[in-house]
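Protein sequence lines correspond, in order, to chains Z and A. The numbering of the first sequence is our numbering, which starts it at -15 and goes up by one. The numbering of the second sequence is our numbering, which starts it at 45 and goes up by one.
There could be a bad hint or two in this list.
Stated by the list, open to error - Distance ranges between label pairs, derived from CB positions:
1. Z:Leu213 / A:Asp228: 52 to 62 Å
2. A:Ala111 / Z:Asp126: 44 to 54 Å
3. A:Ser152 / Z:Met(-15): 42 to 52 Å
4. Z:Asp126 / A:Ser148: 25 to 35 Å
5. A:Arg115 / Z:Leu213: 54 to 64 Å
6. Z:Asp126 / A:Val203: 52 to 62 Å
I should point out that these hints are in silico values taken from the structure, not numbers from a laboratory. The model shown is predicted, which means the values in this text are computed figures rather than measured ones. Note that CB positions come from ideal geometry on N, CA and C, so glycine has one too.
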Amino acid sequence: MLRLLSFAVFLGCWWIAAVLAGSTKLPTPPAVLNVAMTEAASGALFLNVGVTLARVALAFTLAITLGVAIGYLMGRVRLANRLGDPWLILLLNLPALVVIVLAYIWAGLTEVAAIAAIAINKLPATVVTLREGTRALDYSFDEMATVFAIPRWRAFRHIILPQLAPYIAAASRSGLSLVWKIVLVAELLGRPNGVGFEIGVAFQLFDTPRLLAYSLSFAAVVLVIETALVQPFETRLTRWRLRAA
Amino acid sequence: MRLEVDIAGKAYKSASGKRHDVLAGIKFSLSSGEVGVFVGPSGCGKSTLLRILTGLDQDYEGTISRAQDARIGMVFQEPRLLPWRSVEDNVRLAAPLIDDARLSELFSVLELSAHRNHFPGELSLGLARRVALARAFAVEPDFLILDEPFASLDKALAVRMQDEIVTLVANRSVLTILVTHDLDDAVRLGDRLFLLSARPARIIANISVPAPRSVRGEAEIAAIKAEIAQWTNGGRAEQRPHGQ
Ligand SMILES: Nc1ncnc2c1ncn2[C@@H]1O[C@H](COP(=O)(O)OP(=O)(O)OP(=O)(O)O)[C@@H](O)[C@H]1O
Ligand SMILES: [Mg+2]
Chain Z
-15 MLRLLSFAVF LGCWWIAAVL AGSTKLPTPP AVLNVAMTEA ASGALFLNVG VTLARVALAF
45 TLAITLGVAI GYLMGRVRLA NRLGDPWLIL LLNLPALVVI VLAYIWAGLT EVAAIAAIAI
105 NKLPATVVTL REGTRALDYS FDEMATVFAI PRWRAFRHII LPQLAPYIAA ASRSGLSLVW
165 KIVLVAELLG RPNGVGFEIG VAFQLFDTPR LLAYSLSFAA VVLVIETALV QPFETRLTRW
225 RLRAA
Chain A
45 MRLEVDIAGK AYKSASGKRH DVLAGIKFSL SSGEVGVFVG PSGCGKSTLL RILTGLDQDY
105 EGTISRAQDA RIGMVFQEPR LLPWRSVEDN VRLAAPLIDD ARLSELFSVL ELSAHRNHFP
165 GELSLGLARR VALARAFAVE PDFLILDEPF ASLDKALAVR MQDEIVTLVA NRSVLTILVT
225 HDLDDAVRLG DRLFLLSARP ARIIANISVP APRSVRGEAE IAAIKAEIAQ WTNGGRAEQR
285 PHGQ
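Same shape as in the complex, but just chain A (with noise of 0.2 Å):
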């Protein structure tokens, strides 16, 4: 699959009727097999940019190409999971064909074992997450897309997560989006990162991360992040001549 964007703007109208630009200028592509990192301000856009790659929100100008049978697997920014139904359950109402023996692997990966008979009022945020997590993993998709995934997981767990997200990148050609605030996963995962300015947000860098994943050393991964300091900084010292 490939994902072609170009959005040209995306504006709320907000309750007083005022308008309320959100996103500006945004225009990438990706491949199956690759994995896009947004990274930006809280506020910015990220959320709304992921909705329109759905197909959720159509009110946008610009054009967005994919293949429209793709399956998509989501993590939204907050877990929603259906309160009524088991950990489980969740999982298989949106993946009915999921084999027990894939659930199984997903839930020990996950360390969700001991939480597949909980209902979602029992779930810590954390496991919540997961929970969401091992869902869109378990659809198979053609078109994985993240949003703050890795948020109130611990270090190790997170650095699991990511594993395992890397596994089903490898071994099936996914189509990835990530959106993150942590400057360590976008590095560790993303071949491309995009850098959002604030709201309303435009792509004010675009860093292609050459070396595969696996092979990608620490030196790496701090000169990448070096580079992504100086960009995030010039545009705040553009702004903000003091920081923040």
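Just chain Z, same shape as in the assembly (with noise of 0.2 Å):
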């Protein structure tokens, strides 16, 4: 009911703007739904939303696993953390545009050097916070592992992975917003559809409705799949605390 009333007032404060701004540099909400409405029905919207959400989904996971792996191998082994801390420090301050440029020209404007360069962008802060995780493990429950002899695999599956489950939800939830930032980026530049793309091109006619409808639409996907998706997830993992947080 508050996100309704909150969601109207949105909207009303975006109407009385555009009528002061004028159409051209902020149209009316019935304006860009209008664009939406038939970018919808020829296809393209749900195409190039589509697209995007896939780059974002593969990135993502990709991101994800091996920030996990890395960061895990990184708290456990104080010899791949002095070899692997100073390419985290770099990576970690490498500007986006720098890493997707640069991947654009070393692998060519193809899908894998988009994924790459998204996912190689959100690797970083994965891996400090897994690292942070795998250092805060409670050696105690190992102990107890050991001396019950139960198996490595087993062990790690039930006993240092509901450990970390914070963290990976953490690195996820920061992880999403980024590559939800990311892609975007990453299409205008270099890829020939996606909501980047779209947006690249509506800027360069200064088509604002249409941008405003690619962006909009856009949100409104991010927004659904965080409250219906990451949300619930994340209550789950942590449905065993008394008190969440």
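Make one complex out of these two single chains by using the hints.
What follows is the structure, given as structure tokens:
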């Protein structure tokens, strides 16, 4: 109910601002909705949003999987930490744009380059979070597993992983929002489809209604995925905690 | 299984780099079916000794020989239950092969049946300790190691836990090592009592209890307790003339 109200206030503000600013700078909500409907009717909207989502899913999965593995290794093995740390600092501070441009130069304007570039942008933060998580593992549970001769894989699955779960969830949450942002840049710079590409086209034509139609549809999809998928998953992971934060 | 222990010394390095001797002379042997009980002052090195026996700590001087494939069931001094698994799942993680009937029996003996689906955060310390006991029993151990398992249990319940240990020891060939502060527990359960000195721990007395557990009467228990009291008072008298 509160959410609906806050949405209505947003629409109202937008409408007033649109009337004040003039329709070339800021079109009214119905104008934008109109464009969105035509794009949806032709199927272009779904195609572009779908392509972008697929890129997000791939890059995100890749970054999380690699990030968890590398972060765990760096948290457990001192040598791995020594070797990896300089690279981590470099990657953490490298602007996303540099990574994307370099990936396109070295691997061509390909899908692989785009997804790799997005994943590399997300990777270092995941590694850092998981390294912290690994360092915070309760060693007494490892001892328990050793004494009871619980096989290594079972112990990892049922003792280590649940302790890392909050860190993986935190990395996923911050990671997803990063990926949402970077995917559009990568598309704008070097892909022939996707929301980012469409926004680029709209920008070149100064087609504000189209730009807003794509941006807002994308934002809506992000919102739905965050509330319908990510949040219930987080609740499930931490259901054993008596007081969920 | 036979357990032969001869630990000449064990020291921790403190953070400031100083040597901190914990065990000085621990030599004993036990066989399957026997219960060895260690009694000693707080901080003397009992838990450290247990860690060495399990193989968790290999940094000591001396030798230990035991069957390497022995199944170990252990109750740590603190329960060490995984907070994200229910009581039943905690037990099943350590003992995946246990059959449902045996598990139900264990839970009912330990009065945990009502708590099977609770998470450790919802248990009292006494309940959590019982879950830890259930976990140790559930693996059907060859080597049972109990670090003050009856702390924070009331007397009646502690006696029932002891009965469970007695049954386990009688039915299977289990070698049990128990650390306790309670002389009653020690004398009622143990075949061999080892009294430890203050840190660094040495065995100052090694008392055998000849009567089988089932026929141990109050008189015998009192007699052995008197013997122990002699040792501990004697030991104290040497160090601190007025006791503590
Ligand atoms: N990891 C460690 N590093 C350094 N010193 C330790 C470590 N663990 C134990 N100690 C020291 O070793 C001594 C013996 O500890 P231990 O836990 O074995 O005692 P305990 O006999 O089990 O005592 P309690 O009856 O209180 O459980 C203590 O003085 C303790 O400070
Ligand atoms: Mg102890």
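Checked hints:
{"no.": "1", "hint": "Z:Leu213 / A:Asp228: 52 to 62 Å", "result": "holds, 58 Å"}
{"no.": "2", "hint": "A:Ala111 / Z:Asp126: 44 to 54 Å", "result": "violated, 23 Å"}
{"no.": "3", "hint": "A:Ser152 / Z:Met(-15): 42 to 52 Å", "result": "holds, 49 Å"}
{"no.": "4", "hint": "Z:Asp126 / A:Ser148: 25 to 35 Å", "result": "holds, 30 Å"}
{"no.": "5", "hint": "A:Arg115 / Z:Leu213: 54 to 64 Å", "result": "violated, 43 Å"}
{"no.": "6", "hint": "Z:Asp126 / A:Val203: 52 to 62 Å", "result": "violated, 34 Å"}
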